[in-house]
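Engineer: Taken in sequence, the protein lines are chains A and B. The numbering used here puts the last residue of the first sequence at 114; the count rises by one with no breaks. The numbering used here puts the last residue of the second sequence at 890; the count rises by one with no breaks.
Simulated from the structure, these hints should not be mistaken for laboratory data. Warning: the hint list may mix true and false statements.
[What the hints assert, rightly or not] Derived lysine-lysine pairs resembling DSS-like cross-links, with alpha carbons at most 30 Å apart:
| hint | chain 1 | residue 1 | chain 2 | residue 2 |
| --- | --- | --- | --- | --- |
| 1 | A | LYS77 | B | LYS657 |
| 2 | A | LYS19 | B | LYS62 |
| 3 | A | LYS77 | A | LYS19 |
[As the list claims (entries may be wrong)] A short, non-exhaustive set of chain B residues, derived as facing chain A with CB atoms under 7 Å:
| hint | residue |
| --- | --- |
| 4 | ARG4 |
| 5 | GLU25 |
| 6 | PHE28 |
| 7 | PHE55 |
| 8 | GLY56 |
| 9 | ASP64 |
| 10 | ARG69 |
The C-beta atom is built at its ideal place from N, Cα and C for all residues, glycine as well.
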Amino acid sequence: MGTKSAELLPGTLDMLILKAVSLAPLHGYGVLLRIRQISGNALDIPQGSLYPALYRLEHQGLIAAEWGQSDNNRRAKFYTLTTAGRKRLREETAGWNRLASAIGSALSTAPDEV
Amino acid sequence: MVQRLGSLYRALFHRRRFEEAMAEEMRFHLAQYTEDLVRAGVPPAEAARRARLEFGSLDNAKDDCRQARGLRLADALSRDARHAVRLLRKTPGFTVTALATLALCLGANLAIFAVVDSVLLRPLPFPESDRLVSIFNTYPKAGVPNDGISITNYYERRGHIPALSSLAIYREITSIVGERGATAREYASLVSPEFFATVGLGPVMGRTFTDTETSYTTNSVAILSDAFWRQRLNADPQVLGRTIRVNGQATTVVGVLPAEFSYLSSKARIYFPLASGPGQRLPTERHSGSAGQMIARLAPGVTVAEAQAQIDAQNTALEAKSGDKGKEMAAAGFRSMVVPLHADHVASIRPTVLLMQAGAALLLLIGAVNLVNLLLIRASGQLKDLAVRQAIGASRHHVVSQVLVETTVLTAIGGLLGLLVGAGGIRLLMVLGADQLPLGTHIAFDARLAIIAMTGAIVMGLAIGLPIIWYNLRAHAASSLQLESRTSTAGRVAQRVRHAFVIAQMAIAFVLLASAGLLALSLRQALATAPGFQPQQVVTGQISLPGQSYPNPASGVAFTSRLMDALKRQPGVATAGFADNIPLSGRSNKSAATIKGRAPRPGEAPRGHYSYSVGGEYFAAMGFALREGRFLTPDDNGRPERVCVVDDDFARYYWPKGGAIGQQLFEGSVAGKDSEAYTIVGIVGAARQAGLTDDTAQGAIYYPYVQRPQSGMFLVVRGVPGQAESLGLTLQRVVRGLDPDLPVNDVQSMDTRVSDSLIARRSPALLAIAFAVIAMLLTAIGTYGVLSYAVSQRRREIGLRMALGARPEQVRSQFLTLALRLLAVGIAVGLTGAWLTGRAMQTLLFHVPSVHTGTLVATAAIMSIVCLIACLLPSQRAARISPMEALTDQ
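Whenever a hint applies, use it, and build me the whole structure from the sequences.
Structural biologist: As structure tokens, then:
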């Protein structure tokens, strides 16, 4: 949609969902929009794989679900981050940053630096 | 993990809610997206289409969600289970047979295992009960394997054996408890002060006994069982310090035991201190056994062998100081044995209980083999079905899981039915006398047993699934279409396996039947044994003369002679007598005797002889045979002359050539003064004291009651034939008439005592017969099933042969020959098994050789008849196959 969207790396979907839910309780569709928004419309996740991921995270106890009212007064299932989820998000973020900076520095290496 | 199980549980058991919520959530998503698209200017119809399209397949997403919840595996299992139940319902004949087999086999095992569990496996209900030991004196060379323990032993060992952290003695008695006119006899126990500390469980209210309460003047204190406290004292919370009357004496309650207190098989409801006088604690009384039983708690980390070594060392040191007496005891093989309490308590029934469990396990094995064969036959009928499913993509994994689910569903249902059969079986075992076994009152059907049984059933389901899987995978590997031609190797191997299983079944059934035969023959031999007395029309009961009312022997003698006179005057009473012990009472009082003027043979150990004090017309009342001389009469209790009667075992041992009458003997192991000698005035036939199957000719001496008065005695009344029904009531009425405070306990006819004494033989024999009958039935079913299948498989071949002129007899004999071949091998294997089992059972047999030709021949005959009947039907069916039908079939 609109701008260039990046290919989602395997294993990053869970991390993104945790991050999105950590900002505010969201329903499934809200998670989709939030990820799109916080990634500056760069990341677009396949809608079909969103729900299995949500169910898996809930099954693992990383997020919790509760029924509530959406903005337009419809019944919707809202997801929030659990304590275990918060811990996992911290670990994943740290791990991602290490990986990203390592890959970044590896890729920015100039020929004379070797 | 817990979180995940919880989430799976919610998804599984609120499945509808889970599915609805999932659908709603996705509907909401699509609606929101559609709305957003419309707001962005897309026409509504186009927006809905695009939302659907971008979401992708709803079903795939839902399925992935289910998998994320772990529902997929559960779904597959439940699908397989539903499939299994459908299959089972489609073949009711097979299902009923299989479930009945499982219910019977698992139920039988559960019931027997309940006994094994409570008697052999479960630890005694005391803390660190494996540290508890029993200590008893033994004189094996005198024929006295267990003589209990003496008061002296207790005081000499107490605090002097470092390997024992605590040591106690106790004796089971009965006491008369209650106010005048409302007395009842209660089972009681006399215990030394540290008894409760030794077992590790003491009063919840009050205290234990103290050392100062072990003399005859200070022992009027009692500790109550929870049951006594509740039933007789209405659970009085102020019971401590209250007095109750015991044997007419005011006794103070000092403690109440917890409800769970249960010491071995003791029936005691009330405990008193075990009192003794200073004279009973002297070294000279060291071998006056039968003061009680000794138990001890091993010090932490100490082994039984170390305790045994310390006891042996002390015995040796002490006996060295007692001179001739010590040497004599050494000659009798004296030793004090230290044995684990639990193992010792159940040692006598251990082999029988294990034999029964082995029998039940064999039954289960036959049942399992039967099931496997029936399932294999069914599996071969479903090969086409399997091939089709394979063709549409069923994996090996799926074939395996489906078989396992099916067999476990079957055995789990069978297991549930088995729980019912088992619960009934435990009741039946109780009726058969299991509650009279040591620790038998602890036998109960509880959740623990149910869990073990259900686990067993499921393991069995997995186990019988294995051969079926093997068969199906073989068929899976070979092309199933090829298999259909009935010549492939898989088909032949499967047939061989089925035949091997039938042979195994026959062999095991043979072993069970032959073993049951041996036990039944032993029982018959035991029943045919002459007890040495005539139990018909004899009623017995126990009384115990309390010391308070009968302070000296003379008062006891006076009472008994009045009692005998009164009894004899009753209508229906032929004669009456009494003795301090009677045959088959479960007790044995053995003591040594010394023949006047007889030097022991070199190397001869002193012998323990059954010793009785008798009065009234005891011999006539019990129906002893007079061999020589005369019986003791009531007059012998009124005269100072010391006379006695011995039995023919005794006479034969000392005077093999005859001439016992007129000889003199002393009670005890040393010759006394001439005036203390008893003159033998008669010889009576030997009676079986310890049991009908006790063959040891130990010899017995009967002394006049007046010479050896005892407070406890058995009354023996012989009725006039035809009028003996109410003798028990007569006995109680007459005793109450003379002393209202004296209850008569344990009133039983001698016939009942004889029959009860055989319960340890009768019940196992009955059980073994029941097992054997079930085994035969299962084998018949198995043989029938396999033969029927063989016939149905060869229908076309038979039809062809008949069309070509084969006669029905030829077809019939073809199948009968197959059956006979299987039977011959089954019996041959069974004979070997029966030979081995017979040897293993040797100790449980009575006057029956472990290899008994008659039993084996009869077993083979019964097996052959049953199996041939089972084969006859399918063979007959084969002979009646119409050529046309068989050839056009299929």
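Engineer: Against the 30 Å threshold, does the CA-CA distance of LYS77 of chain A and LYS19 of chain A hold or violate the hint?
Structural biologist: Judged against 30 Å, a Cα distance of about 18 Å means the pair holds.
Engineer: Going by Cβ atoms only, is PHE28 of chain B closer than 7 Å to chain A?
Structural biologist: With a minimum Cβ separation of about 5 Å from chain A (threshold 7 Å), the hint on PHE28 of chain B holds.
Engineer: Are ARG4 of chain B and chain A close enough, Cβ to Cβ, to be under 7 Å, as the hint says?
Structural biologist: holds (6 Å)
Engineer: When the nearest CB of chain A is found for ARG69 of chain B, is that gap smaller than 7 Å?
Structural biologist: holds (5 Å)
Engineer: Does the CB of GLY56 of chain B sit less than 7 Å away from some CB of chain A?
Structural biologist: Holds - the Cβ of GLY56 of chain B comes within 7 Å of chain A, reaching about 3 Å at its closest.
Engineer: Just to be careful: measuring from the Cβ of PHE55 of chain B to every Cβ in chain A, is the smallest value less than 7 Å?
Structural biologist: With Cβ-Cβ at 5 Å, under 7 Å, it holds.
Engineer: Mind checking the CB of GLU25 of chain B against every CB in chain A and telling me if the closest is under 7 Å?
Structural biologist: Nearest chain A Cβ about 5 Å off; hint holds.
Engineer: Would you mind confirming whether the straight-line C-alpha gap from LYS19 of chain A to LYS62 of chain B stays at or under 30 Å?
Structural biologist: holds (24 Å)
Engineer: At a threshold of 7 Å, is the proposed contact between ASP64 of chain B and chain A supported by beta-carbon distances?
Structural biologist: holds (4 Å)
Engineer: Run the distance test for LYS77 of chain A versus LYS657 of chain B: straight-line Cα separation, threshold 30 Å.
Structural biologist: Violated, at about 107 Å.
In summary, the structure is inconsistent with hint 1 from the numbered list given earlier, while agreeing with all the others.
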